[in-house]
Amino acid sequence: QKEVEQNSGPLSVPEGAIASLNCTYSDRGSQSFFWYRQYSGKSPELIMSIYSNGDKEDGRFTAQLNKASQYVSLLIRDSQPSDSATYLCAPSSGGSYIPTFGRGTSLIVHP
Amino acid sequence: KAGVTQTPRYLIKTRGQQVTLSCSPISGHRSVSWYQQTPGQGLQFLFEYFSETQRNKGNFPGRFSGRQFSNSRSEMNVSTLELGDSALYLCASSPAGGNEKLFFGSGTQLSVL
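First to last, the protein sequences are chains A and B. Once you know that position 95 of the first sequence is 95 in the numbering used here, the rest is easy, because the numbers rise by one and skip nothing. Once you know that position 70 of the second sequence is 70 in the numbering used here, the rest is easy, because the numbers rise by one and skip nothing.
Careful, some of the hints might be misleading.
As the list claims (entries may be wrong) - Think about it this way: if two alpha-carbon atoms lie no more than 30 Å apart in a straight line, the pair counts; the simulated BS3-like pairs of lysine-lysine are:
{"no.": "1", "chain 1": "B", "residue 1": "K101", "chain 2": "A", "residue 2": "K2"}
{"no.": "2", "chain 1": "A", "residue 1": "K56", "chain 2": "B", "residue 2": "K101"}
{"no.": "3", "chain 1": "B", "residue 1": "K57", "chain 2": "A", "residue 2": "K42"}
{"no.": "4", "chain 1": "B", "residue 1": "K57", "chain 2": "A", "residue 2": "K2"}
{"no.": "5", "chain 1": "A", "residue 1": "K67", "chain 2": "A", "residue 2": "K2"}
{"no.": "6", "chain 1": "A", "residue 1": "K56", "chain 2": "B", "residue 2": "K1"}
{"no.": "7", "chain 1": "B", "residue 1": "K57", "chain 2": "B", "residue 2": "K101"}
{"no.": "8", "chain 1": "B", "residue 1": "K57", "chain 2": "B", "residue 2": "K13"}
{"no.": "9", "chain 1": "A", "residue 1": "K42", "chain 2": "A", "residue 2": "K2"}
{"no.": "10", "chain 1": "B", "residue 1": "K1", "chain 2": "A", "residue 2": "K42"}
{"no.": "11", "chain 1": "A", "residue 1": "K42", "chain 2": "B", "residue 2": "K13"}
{"no.": "12", "chain 1": "B", "residue 1": "K57", "chain 2": "A", "residue 2": "K67"}
{"no.": "13", "chain 1": "B", "residue 1": "K101", "chain 2": "A", "residue 2": "K67"}
What the hints contain is simulated information worked out from the structure, not anything from laboratory work.
One chain only, chain A, in its complex shape (with noise of 0.2 Å):
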């Protein structure tokens, strides 16, 4: 059984802070993790994708991988209220490639 954790949050943070949201994986095999961002009512977008160690900068949004650690995190500089939104990590695995879900991290960012 593939695992996907998350802190369900809520995680507050004001604006202009950076926001940091962590995800932790069970399946050793994966190879590609994406980030995605769910405002409430809406179907998930795709903000962030990384595939090897390290870290992948696209404008406010960083993403860092550790497959050593099975860890990905997102990282959001200056965050703004349009931020708020439940953001979702999705490892796929090298076989089927079809991404796990994690169940993901509710972020409030106030003014």
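Could you slot chain B onto chain A? The hints should help.
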């Protein structure tokens, strides 16, 4: 380019009935996957279709089935509905599946009474 279209948006059924949900992927996308989302279980994978063939299947009972047509449109069917089937059903498409970005539709909210 139109996004992923799911119909209907809302559905209310009673136990024992069956239901069919529809998904039209983004033009050119050949992979369609289905997910069930509930507050307690999160997003769970149902199955994936590619070129009219079921390529991957999640851990759901046989009451859940699907198919894909030659134009890549997909349908999902749930027979003998149970109260626990109440959920948001999401369809996602990608050009060929694999390590690709998934584009999700707005979902069908199914309520079983």
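Okay, which hints does this one fail, numbers in order?
none
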